[in-house]
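Novice: Chain by chain, the residues run as shown.
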Amino acid sequence: MNFFLNLTAGLSVALQPLNLLYCFIGVFLGTLIGVLPGIGPAGAMSILLPLTFKMPATTAIIMLAGIYYGAMYGGSTTSILVNIPGEAASVVTCLDGHQMALQGRAGPALGIAAFGSFIAGTLGIVGLQVLSPPLVSIALRFGPPEYFSLMVLGLVILTFLAQKSMIKALLLAGFGILLGIVGLDTITGKPRFTLGIPKFMDGIGLIPLIMGLLGISEVFLNVEKTFHRQVVNTPISHLLPSLQDWVQSKWAIVRGSLIGFFLGILPGGGAILASFVSYALEKRFSKTPERFGRGAIEGVAAPESANNSAASGAFIPLLTLGIPSNVLMAILIGALMIHGISPGPMLLKEHPDLFWGVIASMYVGNIMLLALNLPLIGLWVQLLRIPQAILFPLVLLFCVIGSYSENYSLVDVAMMLFFGAVGYFMRKFDYEPAPLVLAFVLGPIMETALRQSMIISEGSVTIFLSRPISAGCLIIAAVLFLTSFIPSLQQKRKLVVEEGEETR
Amino acid sequence: MNADRLTAMIWFAIGLWAISSSISLGLGTTREPGPGFFPILAGTFISLMAIIIFVQSLKKREDKKLSDFWKGLRWKKTLAIGLIMIGYILTFEWLGFPISTFLFLLILLKGMESVAWRKVLLISIISTGFSYLLLSISLESTLPKGIFGF
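Residue numbers (numbering that gives the first Met the number 0), protein chains in the order written: chain S, 0 to 503; chain F, 0 to 149.
Treat the hints as calculated values from the structure; they're not laboratory data.
Keep in mind that the hints are not guaranteed to be accurate.
Pairs of lysine to aspartate or glutamate residues, derived as EDC-like cross-links and limited to a Cα-Cα distance of at most 20 Å, are as follows [claimed, not checked]:
1) F:K70 <-> F:D3
2) S:K189 <-> S:D201
3) S:K189 <-> F:E31
4) F:K58 <-> S:D429
Given the structure is predicted, the values throughout are model-derived calculations rather than measurements.
If we strip away everything but chain S, and leave its shape as in the complex, we get:
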């Protein structure tokens, strides 16, 4: 019964005209940036963050969330038609999606991607709605030691899944924590690591950091390559998958939804991982694995379903614990805090309208996305024909405006450019920036949890090991950490991570 009570309560918020409008703007922009390679949901959400300052908090979160799951829909279009992922969670969709397009089956590929996304997205939201309340009651019993250990685990999982070297990813997590500390110490008020620059007293801004490391560096790396985008030129017809297509992909959609949802909940997991794992699994389950990579429709259905249900699952740690499981959720935390709402287990009790309103808006947003991505697919295809030469100056302009408009400070713009250069060199030398960004957000929360734990335990480190949840998290983290030093296991980790990536 509660399920429907909560749903109607949420819908009464989500269906208010203002919220409907911003939900639409969110999913529309999400699809747009999903389609356009070179700018991901993280960049788009940071650019729009300042725009939400004057909105009600619920409306702001509804729009930002829409960008996130909307991008998961849009990303597949570019993967299928151009063979370049529109955003990172659609990398594997290229493998079979583009093959299907070359064989003149772009329509069913786009269709199954949209339907799979819709089904999985909706299932994911049901899971989110059902699992959140019981998890909140567990989370309420979490103390500082549990929080600290859980965040350690989240960071280790994220680095474990890094596609390049885990040691490098761990190092960057450490560096991210250090960058997060810059500014005034919250307890003693002492300035830390400010290099004597007054602006650094307030800390380093999340928006310049994200836009620089993820946005600008991407442009820098792309402009030095000479590549041609070739949009598949066959007419797109038969968007509705045939009965045979459905039969072939129904289990892929179900499995993709489940895998995606649970990997989405995992701290450090998320849509990118979910799409890789579901593709690899589908290939292993298949009676005809040789079809994969040659235009198998399951190869499109599984990862596209997985990345959407993962996007829903990722909201669970955010809404119940107040811990972001990935960079995008970190931006949402930032948005909540700007509106004076502290994310955490009290969110459900203190702001039920926001909690249920956002969840209900995701049902609505998924229906909007289905409409945007099937009948209006032609619009997005036209967009793909915009040449790179025109696109990249506009991306740079958006980044400048986004980082400037938060505080109207050129220092922030300069900072973004600096992190753009840092990100460029980091990526050149195989250092992936994602762990750095997540650690940057988690760093200050971790420090507070650590200091509080030490005060509670009167200086004894055993507090982290004597409490079962905390100890469990730390043990798993330690096991994962140690595997990075065992060469034979290192090989296996590489295999798991690269499985989906092999033919990229």
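Position chain F against the provided structure of chain S, taking the given hints into account.
Specialist: For chain F alone, kept in the frame of chain S given last:
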């Protein structure tokens, strides 16, 4: 110079700097951790990882030189775009938002890529106008007017 070895040394230096700064900030006690307590853990961790990367790079046989990372790439273009962005930031307040933004797009579209003049002007004017409206109306912000007064 092996790239991993070079980056490892840079990270090691950053780690050491973090450790020494943390010590001067004050570590406190485990009962009452001071402002340097958490950063010294991060600094130590960075240094340790840097040492591991350095050692691992000694074992590797393939020696990828720094210049190999830019081989066959148009790195001058990246550098030029970076410099153009610095120029944009420096002239942002002096020339004002509309003019500096228009010039920024014009230089990128015409100087970096050979887009046709008509398109260049169209895109530059529309994007500048749109972003000006977005910022000044919806955010009610005060954009720098610059020496020309608009």
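Novice: Check each numbered hint against the structure and report the violated ones by number, ascending.
Specialist: none
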